[in-house]
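Engineer: Please put together the full structure from these sequences, using the hints given.
Top line first, the protein sequences correspond to chains A and B. Under the working numbering, the residue at position 122 of the first sequence is numbered 122, and the numbers go up by one with no gaps. Under the working numbering, the residue at position 25 of the second sequence is numbered 1025, and the numbers go up by one with no gaps.
Just so you know, nobody snuck in bad clues.
Taking beta-carbon pairs under 8 Å as the criterion, some of the chain B residues facing chain A (in silico): (1) Val1025; (2) Ser1026; (3) Gln1028; (4) Thr1029; (5) Ala1032; (6) Lys1037; (7) Tyr1038; (8) Ser1041; (9) Leu1044.
Bear in mind the hints are in silico, worked out from the structure with no lab data behind them. Glycine included, C-beta positions come from ideal geometry on N, C-alpha and C.
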Amino acid sequence: MSKTLLAAPSEPCEAPGRSRRRELLLAGITLLWALVFVGATRLIKSELLSPGALPWLVAAAPCVAAVFVLVAYMRFLREADELQRLIQLQALALGFGGGFFTICGYSLFERVGAPPAGVELATVMPVLYALGVLLGERRYR
Amino acid sequence: MRNRLKVLRAERDWTQARLAQELDVSRQTVNAVETGKYDPSLPLAFRIAHVFGLAIEEIFLDDGERPR
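Structural biologist: Set out below in structure tokens:
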């Protein structure tokens, strides 16, 4: 390969420090979303809310928080370096794939008498995603 | 694919963190490339070559290839 290739411009730089900050911000916002979701669920179940607009607003709160989580995640991915992106891709594959097949699979168990699963079954996705991140971090440590 | 990253880094007395800073990637990425757990993309390989002032093939070697 010619030495002139050495002068080829490099790719846009990733900034690991900034990426780390984005990772922490993402973790914080995700935790906030979880708190809002649990709080909203409890409030709605408690039936303390009088009928009207308020229950709808409470139900919408986690959706609004989720938008912030998604934006933070997209920004984190944009600033992550290529290995971190690979780890995320593999974790997302495990989380999405595992979650999808678990939900589909459990629906058959429900038909043959297993207790009906609520929205709690969807927690399989983030749990498997987190497992995927841990496995990736361990593999490329 | 093998590479001479660890040797080149040692010749310059650089830590993985220092090389990571030069390359604008995480230390984990430098370590994964060094240990052969991860093969870098072509743009990153170019950046590595640029940082060491060498050609890519002087750093990265095919498994059956001898270092030049």
